[in-house]
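Put together the whole structure using the sequences plus the hints.
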Amino acid sequence: MTSVLRLDGVDRSFGGRQVLKDVSFDVVAGRMTGFVGGNGAGKTTTMRIILGVLAADAGQVTWQGEPLSRDARRRFGYMPEERGLYPKMSVREQVTYLGQLHGLTADAARRATDGLLERVGLAERGNDLLETLSLGNQQRAQIAAALVHDPEVLVLDEPFSGLDPLAVDTVVGVLRERAAAGAPVLFSSHQLDVVERLCDDLVIISDGSIRAAGSREQLRSAYTTPRFELVVETDAGWLRDQPGVSLVDLDGARAVFDLAVGTDEQPVLRAALERGPVRAFRPVTPSLAEIFREVAK
Amino acid sequence: MNAMQATRLVAAREIRVKLRDRTFLISTAVFLLIAAAATILPPLLSGGPSTVAVTEAAAGPLRAAGLEVLAVPDDAAAEQAVRDGDADAAVVAGPAVLAMDDAPNDVVSALSTEPPVRLLNPDAVDPVVAFLVPFAFAFIFFITSQTFGVQIAQSIIEEKQTRIVEILVAAVPVRALLAGKMLAGTILALGQIGLVAVVAVAGMAFGDSGGLLSLLGPAIGWFVPFFLLGFVLIASMWAAAGALVNRLEDIGGVSMPVQLAVMLPFFAVIFLNDNVTAMRVLSYLPFSSPTAMPLRLFTGDAAGWELVVSLALLLVAAAGFLLAGARVYEGSLLRTNGRTSIRTAWRERETLG
Numbered sequence: 000m001t002s003v004l005r006l007d008g009v010d011r012s013f014g015g016r017q018v019l020k021d022v023s024f025d026v027v028a029g030r031m032t033g034f035v036g037g038n039g040a041g042k043t044t045t046m047r048i049i050l051g052v053l054a055a056d057a058g059q060v061t062w063q064g065e066p067l068s069r070d071a072r073r074r075f076g077y078m079p080e081e082r083g084l085y086p087k088m089s090v091r092e093q094v095t096y097l098g099q100l101h102g103l104t105a106d107a108a109r110r111a112t113d114g115l116l117e118r119v120g121l122a123e124r125g126n127d128l129l130e131t132l133s134l135g136n137q138q139r140a141q142i143a144a145a146l147v148h149d150p151e152v153l154v155l156d157e158p159f160s161g162l163d164p165l166a167v168d169t170v171v172g173v174l175r176e177r178a179a180a181g182a183p184v185l186f187s188s189h190q191l192d193v194v195e196r197l198c199d200d201l202v203i204i205s206d207g208s209i210r211a212a213g214s215r216e217q218l219r220s221a222y223t224t225p226r227f228e229l230v231v232e233t234d235a236g237w238l239r240d241q242p243g244v245s246l247v248d249l250d251g252a253r254a255v256f257d258l259a260v261g262t263d264e265q266p267v268l269r270a271a272l273e274r275g276p277v278r279a280f281r282p283v284t285p286s287l288a289e290i291f292r293e294v295a296k
Numbered sequence: 000m001n002a003m004q005a006t007r008l009v010a011a012r013e014i015r016v017k018l019r020d021r022t023f024l025i026s027t028a029v030f031l032l033i034a035a036a037a038t039i040l041p042p043l044l045s046g047g048p049s050t051v052a053v054t055e056a057a058a059g060p061l062r063a064a065g066l067e068v069l070a071v072p073d074d075a076a077a078e079q080a081v082r083d084g085d086a087d088a089a090v091v092a093g094p095a096v097l098a099m100d101d102a103p104n105d106v107v108s109a110l111s112t113e114p115p116v117r118l119l120n121p122d123a124v125d126p127v128v129a130f131l132v133p134f135a136f137a138f139i140f141f142i143t144s145q146t147f148g149v150q151i152a153q154s155i156i157e158e159k160q161t162r163i164v165e166i167l168v169a170a171v172p173v174r175a176l177l178a179g180k181m182l183a184g185t186i187l188a189l190g191q192i193g194l195v196a197v198v199a200v201a202g203m204a205f206g207d208s209g210g211l212l213s214l215l216g217p218a219i220g221w222f223v224p225f226f227l228l229g230f231v232l233i234a235s236m237w238a239a240a241g242a243l244v245n246r247l248e249d250i251g252g253v254s255m256p257v258q259l260a261v262m263l264p265f266f267a268v269i270f271l272n273d274n275v276t277a278m279r280v281l282s283y284l285p286f287s288s289p290t291a292m293p294l295r296l297f298t299g300d301a302a303g304w305e306l307v308v309s310l311a312l313l314l315v316a317a318a319g320f321l322l323a324g325a326r327v328y329e330g331s332l333l334r335t336n337g338r339t340s341i342r343t344a345w346r347e348r349e350t351l352g
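Residue numbers (numbering that gives the first Met the number 0), protein chains in the order written: chain L, 0 to 296; chain R, 0 to 352.
Derived by calculation from the structure, the hints in this document are not laboratory data. Some clues are possibly wrong.
[To be verified] Take a look, some chain R residues computed to stay more than 12 Å from chain L by CB distance:
no.	residue
1	Leu40
2	Ala92
3	Ala95
4	Asp100
5	Val195
6	Ala201
7	Met255
[As the list claims (entries may be wrong)] Incomplete in silico selection of chain L near chain R, CB under 10 Å:
no.	residue
8	Tyr77
9	Glu80
10	Arg82
11	Ala144
Ideal Cβ placement from N, Cα and C applies to all residues, glycine included.
Below is the structure:
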């Protein structure tokens, strides 16, 4: 039995407009999977289908090899994109209530709530009405609500939007714990730098289709041309004439360049050494934003 | 966890939240005050010593008890005085007390031995009461179904508006969500009118309207099942109306038909309650039968089978509206972009159910 949340050929249309086309990818247990795509690319629809909040027109979602049932989904943790809890209920009471709805006994739900509020830094605000909390704290409450029943699988739509950097760290910490405990964690985000820092695997969706999926390293090597940074002592403009080199950025003695496919970087280094001392020579790993731009084109 | 447990959890939350709602608590207190005042005050206000018709020979002890004595030549004249309304009661040979529809306790207790009381027209309904009772029934049904119906709609909209509905729907079946809300609304509504009934009954006993109580008893007993089904009928419409909109501010637009379905029968029963034919028709129509049928029973106008038939009709209507309301609810619950048309909601089910 593999602990994989798998989407297989999922289609969905709204009123004749197809918003998901043959969406298939895996979310592997114990790994953080980042789900990125532009506005309207289909991230939220995909997540809603995973949670059964929306039905798929075709295809299926399986967990550990079994099609999802309501009972299985009850053990999922979900944080919808457009958030909300009950404004007029205390944080503690509603997190406990959600725990019970997910199948915990009243006692277990209370205990889990207390532990989580402590963990996300809301222990002292637990008895306050949600509407009296700052947006950031409401967001923390939302995280607690998604985690209260110790879910087997986590699906979080934009969990970091609206969080201050400190809260981001708290949430990242909590999510990493869950992943380390063996849960698959799928989260979407617009903040590519956060995804970059956080995800093990990456799924890129654009216009309703999956454009790329795999581990971060795989994607890096698959979707970018090899890029290097060279720092010498004098002007590095001579690089322009090297075979297979295309300059990306030149700033006096510092240059960033791409190599054509099949070109080795060592001859370039030798050429540089022939001209004088080399202060730095290293591969530049492309940022996620760059991969994303490349893939989503 | 099954749907039943989910329903119970949802209902428990709704009730908990409502019991903390100050507006709800105050309105309940006001109802109780009205019920107490309406039953205790009138007998007190109409109080004062009764006038008793009696022959001069027997007048002594009654005068001594502080009663107003109307001296008459004989027992026949005494009875006539009661019938004419010149006296509230008469004491005749036996001794016995005569009265029209209610034995004045002060007269009875003024006699050293408690004499048998013979009522000349025991079933007559005081015209004031005859006006007040229909009004009270219609008013209770109107106010309660309105209050708790709106509450169900508001709770649905709150969940849509805050989007918590997505988390809820991911965890429990949509129908359990709706069932929990309906259950909570029904329990709260019944609880509230139950409290009002207890206070009213206690008030009648305290205010010495025991006779009225025995007349009203069956009507109140039948009012309960009629009320229950009538409430489900109205609440289903409110649930559907609530699910169609996304913001509390928009409820006005969709609630018009529901308001009419509550208001028209209310006014029909109030204004037509002395028109026998109209009341017969109203007592079978599902929206007005919850008030019209118990009323006909109260005025002694309805046969037992009529109650059963009317209740069965109401049951069918309530079940139909509940199913339709559930379908609209399911079809529109997750449509959070603006107002959903009832046709769209009916046709498409968004969720897995």
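Each hint tested on the structure:
1. Here Leu40/R stays apart from chain L, with its beta-carbon at least about 37 Å from theirs, past the 12 Å limit.
2. Every CB of chain L is more than 12 Å from the CB of Ala92/R (nearest about 71 Å), matching its label as outside the interface.
3. Every beta carbon of chain L lies more than 12 Å from that of Ala95/R, the smallest distance being close to 64 Å; the non-interface claim holds.
4. Once the 12 Å rule is applied to beta carbons, Asp100/R is consistent with being away from chain L; the minimum gap is 52 Å.
5. Against chain L, the non-interface label of Val195/R holds: every CB pair exceeds 12 Å, the least being about 26 Å.
6. Distance check for Ala201/R against chain L: the nearest CB is about 34 Å away, which clears 12 Å, and the non-interface claim stands.
7. Distance to chain L confirms Met255/R as a non-interface residue, since its nearest Cβ pair spans about 27 Å, more than 12 Å.
8. Satisfaction of the interface hint for Tyr77/L is found here, the shortest Cβ-Cβ separation to chain R being roughly 5 Å, below the 10 Å cut-off.
9. Among the interface hints, the one on Glu80/L holds; its C-beta lies about 8 Å from the nearest C-beta in chain R, closer than the 10 Å criterion.
10. Checking Arg82/L against chain R: minimum C-beta separation of about 6 Å stays under 10 Å; hint holds.
11. Taking 10 Å as the C-beta contact cut-off toward chain R, the hint placing Ala144/L at the interface holds, the least distance being around 7 Å.
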